[in-house]
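**Q** The lines below spell out each chain.
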Amino acid sequence: MSNNERYIPADRIPLPPKDAEVFTTACDYCTIACGYKVYRWPVGKEGGPAASQNAFKADFPHQNMMTAWVSPAQYNVVSHKGKPHNVIVVPDKDATVVNVGGNHSIRGGTLGQKCYNANSPTRERLQQPMIRVNGKLTPVSWDLATEAMADISKYVLAKYGEHSWAVKMYSYQYFENTYAITKLAMTSVGTPAVAPHDKCSGTNDATGLDDAGIDSFSSCYEDWSLTEVAFLSGVDPYETKTTLFTQWMMPGNSKLIFVTPHKTMGVAWAEANNRGMWLPINLGTDSVLHMALARIVIENGWQDQEFIDKWIGKPWEIDAGYGRGTRNTGWQWRTTWGTWQSDWEDYKKFILSQEESKLDVAAQITGIPAEKIRLAAEWLAKPVNGKRPKASFMCEKGNYWSNNYMNTASFAALGLICGSGNRPGQVISRGGGHQRGWMGAGGGSGWLNPEKHPGRRKKSFNLDRWLMNGEIKFAWVFGTTWVAAMMASDALREKMQALTNGSPHQISSLDRAAIFETLKQRVDSGGIVMVDSDIYPCEPVGTDFADFVLPAATWGEDDLTRCNSERRLRLYSKFYDAPGEAKPDWWAVMKFADKMGFTVDGSYNWKSSNDVFEEAARFGRGGVLNYEPLVKTAQKKGMKGHELLRTLGTTGIQTPVRIIKGEMVGTKRLHDPTNEWGEAEDTTTQRRFLYAFNTHNGKAKLLKSPWKYAGWQQYFEAIKPRAEKNEIWVTNGRINETWQSAYDDRRKPHLHQRWPDNFIIIHPNDAKKRGIESGDWVEIVNDAVYVQTGQPQGVLDADLTFNQLMKDGHIKTTVGKFKAVAIVSDEIKEGVAKSNFNTPKSMANAVVSAVPDPMTNNYRYKLGRGTLTKVGESEYKTDLTRMSLKPRPIV
Amino acid sequence: MTEKIIPVHNHHHDHEGGHACMSRRQFLLAGGAMVTLAAVGELGLPGLAEAKPLHALKASYPKTKIGSLSALKNGVPVEFAYPYPDVSNILVKLGSRAGGGVGTEQDVVAFNQQCTHMGGPLQGTYKDQFQALGPCPLHLTTFDLTRHGMVISGHATESLPQIVLEVQGDDIYAVGVLGLVYGYSAMTNKRA
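Protein sequences appear in the order of chains W and E.
Under our numbering, the first residue of the first sequence carries the number 1, and numbering increases by one thereafter.
Under our numbering, the first residue of the second sequence carries the number 1001, and numbering increases by one thereafter.
Derived by calculation from the structure, the hints in this document are not laboratory data.
All the pointers check out, no bait thrown in.
Partial pick of chain W residues on the chain E-facing surface, computed with a CB cut under 7 Å:
id	residue
1	12
2	13
3	15
4	71
5	73
6	109
7	269
8	736
9	750
Note that beta-carbon positions come from the ideal geometry of N, C-alpha and C, so glycine has one too.
Extracted from the complex, chain W is given alone in its bound form:
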C-alpha cells in the first residue's frame, strides 16, 4: 500500500443475513491462534438490524460490551466460485477455548482485510507464475515454470549433487505445505540444505529446555491462569501473544515478573496494578540473573525438595549412559560430558561456587538492583504460611535469542528447582512466536552435512554459511524474507545479489531450451538459480533475485491445518477463491515433483489438501503434534480427516491425539503424570514424554551455565557496543500491531496507517546526546558485523570459539546499516535501542553478527549494536494521519 493513501474508516457494515454460510477457522498469525468464524453470503443481499433478521441473532445497535460487533476491518468482498460474496471474519464469540467469548488481537481482528480484493491494497497479490526475462518478471504457465525449474534442477543434482539444491522455508505455514516441501527436499531430492524461516539451520530453538527434558510447548493456556507467580523471561506476552495475556493472565491476582529491556504495555500495566515487577536487564546477561535467583533459593532452602527428589535425574541416571546409544546427538553429548551436565547435589555446589551467582556481582553484571533480584526470588519461591507459591516460567526470544544455550539451560534449571515443569499452574514453557505447523516428511538427510561440532559430532546444516560460501546452485524460497530475517542481512543480501541478478547469465527468452542453457551457464559460473513462492512480492528475494516467482494460495483459500502453542489442532477452512492462478505450496511442489519424475512410483498423488494431511499423519506419530489417531478415526467413520476435524470447530483437539475407550482424547499438558492416560489403545502412540519428562529416563536434568564459558564470553566481548565509537545496543523484537514482515499488515489500511515505516525506540538520554527527537529519521550503523565463513570443522572443544575462528580466518568483518523513525521514550532501558525485527526495507538484523552459538548453531539475534545518527526529519513528525509517535506503555 502506498504511503500516500489515506484510510477513511467506514461507518456502516452490512450484517450477514440469517442464511449466511458459516465457517470456522483460526487466526493466521501469532502462536495463540484465536478461533474465528467466517460469515459468507452473496453480494446483493444483507441481514437486518433486528436479532431475527441477522445471522448473529443480535440486535443492532446495542451497548453490550464484548458481544457481537463487526468492525469495518472485519468486512470484505471476496470471490467464491467466481461470484462476489460478502465476508465477515470475526472472533468466535461462542469459543470455549483460547479466546473464550470472542477475545482477539488487533492482528486477527483485521483478518477480513487480509482477503484478496482487487479494490483493496491486496491487489498486490501474486497471481501468475512468472519468469524473470531481461530483468522483468513475465507471466508464464505453471507448466513452463516448473519444467524450466526441473530442467536446471536435474542438471544441478547430476553435476553438483544434492547439497547444492537448497530450500529456505517457513516452518509453520500449515502441515499440508511443510510436509509436501520436506518430502520433496529431504526425501525425493535428499538434500541436507534446508533451513526454516527463523534460523540459519534446522537446529533447536530453546535448546536448554529440550536438554532438560522439557518440551517447549508442554503447557496449556490454562496453566497461566492457575499460576500464582509468572517469571517472564525475554517476553511481554501482551505484545503478540495477546489473548494468552488478556484472557489467561490479566484476570486474577497472579504476580508477574518481566525480564526485558523494554517496558511494554503488559509490564507497565502489571506494575501499575501492583502485580508486576520489571527487571530491565542488561542484554545477554540472563544466565547470571537465573543463577543469582537460584542461589537465593538454595541458600534459603526454598527449593521444592520433594519435587527435586522425585523428578530430577540422579548422577547414575545421567552418567550411566542408559539408553543413550552412541551419544552422537546434540542433547546426548551436551548433557553427558562435564560442562553442562549436572544433578541436584552437583548443581547446588555449582551455584554456590560461582562468582557471578553472588547477589552483588549479579546485580552489577545484569544491571538489576540487588534488592529487586532478592524480591523476585521471594516472589518465586519463598513459602508463605508454609506453602510454596505456584510458579511458572515462560521464555521467549529475548531470552533464547540472546544467548541461546546458556540462557535456556539456566532458565530451565531455575524453574525446576522451584518445582515447576509438569503440574497445573507450575509449568516451564516457551510463550511461542508463530504457530506449530511443521510436519517433516523425514528422510533423514541431515547426516550429509559436512560441518561438524568438535569431536566430529553431528551438527545442523547452516544454510546461510552455505550460501556465503557459494555452495548453493539452486534455491527455492517458500514464504519467508530470508534476507531481512537473518543476521548480517546486508552481507547476505550482497552475496545473494551477486550470485543471482548480478550474474551475467540472465534469462532473455521464454524458450525452454534457451532458459536451460542460460541457467546452466549461471550455475557453472558459480551462480544460483532462485525460486520464490509467496503470496506477495517478497523483498528482495522475489522482487529482485528470483528467476522464478510462484504465486501461493494461503489462509482461507484452501483447507489447511496446524496446531497452536498449546498443541491445539484446528481446521482453517477454505472460504474463498485464491486470486488468479495462485496455488497452495503443496500443489506447486506436486507439480514440480511430477516434472522431476518423482511421481513415477505413484507418490505425490494428491487430489486435495486432505490427501496430504492424511499422508502426513504417520510422520507425526511419535511426536507432540501426533494427529494420526484422528485420521484413523475418520477413516473408520468413512470420513475425510479434514472433515472430522471440521466438526470440532474452533475447539479442535490438543495433540498428541489419543484413543481411550474407543474415543478420541486430546492431551492438555505434557510431562504430567496426573493427566488421564488410560491404556494405550488402537492407534495411540504411547510415549514417555506424555507422563514424564522428555529424557531417556523420564527425569528432568539440571544444567549448569558457567558464565565464563568461552563459546559465549568471547563472542559477547566481541559484539558489545564500543564506547569509543559511541555505539549502543540495537536490539529488535515484535510489536503488537505487526505480524512478521508485515506482509499483510502493510496492505491493511488500519494497520498501515499505524506503522507505515519502521521505528527505533530510543531512551531520552541517548537521544539527547545525539540530537535526536521523536519523528526524526535515524541511521543505525555497525561497522563490524561479523559473519562466520568457510567450513570450520570442530576437532577440539575450543575450535569453534569466536577468537579461534577469527584467528583461523573464519570470521569476515562486514558493515550493516538501516534507517528507522525515532520514537524517544523512557520505556526502553538507557543504552539500548529497539527496532522491529523483520522489516524488509529497514533491516534491523543488518547490525547483528552472523556467528552462531557453537553449542547449538543458532544465532544471537537480539544482540545488535550501532551508532545512531539523525539524518533528517520524517514526514511523521508533522503528518497527523499516520504513525503515532507516542510511547507504548501509557497507564
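Position chain E against the provided structure of chain W, taking the given hints into account.
**A** The following block gives chain E in isolation, referenced to the frame of chain W:
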C-alpha cells in the same frame, strides 16, 4: 486528485440521512492544510465497487452545539452525547495541534468513548501528558487523540470514532462522525 461523492443509502433509516458528501472528512484527513480534496477511493470499504452503495462515508447529522472554546480548559475533557443521546463522547483541548482539531491552535478534538476493540468504557481515562485516551480497562488499548484516534498500542481494529467539529465564533458544533461506533452496524441506525 478528484473529489468523489458517495451517495448514502437509506437502510432501516430512522434518522436524518439523505446524501452526504465526504469533503468534510477528507478535509480533516488532509490535516486542514490542503484546499484540494483528496479522492479516497474504496480503501475504507473493500468491495465497494461490487456491492451496492453503502453509507461509505459521513452521514449527515443535525448540527449540534456541544460547547464553547472559551469554556474549555487545556487537558480537561468535557463529556457530551452525539449523534444520539446514548453515544458518549469527550470534547478536549489537547494543547497541541491535532488531526481534525479546531480552534485557533487546531487542538480541540472530540472522540467517542467506547473502545473499538470490544466496547470497553474509556470514560475517565484521558491522559493529558500524552494526549491519549485509555488504556481501555478490558484489554489495555490506547488511542492517540492528536492522530485521529489512532491505536497507540493494543487491540482495537479501528481508530476511535472522531466527532467532526466546526467552530462558529466561540461555539463548537458537532457535525458528523468519522468511523463506526462500537455496537453499531450503521451510524444511521439509532439505538433502540
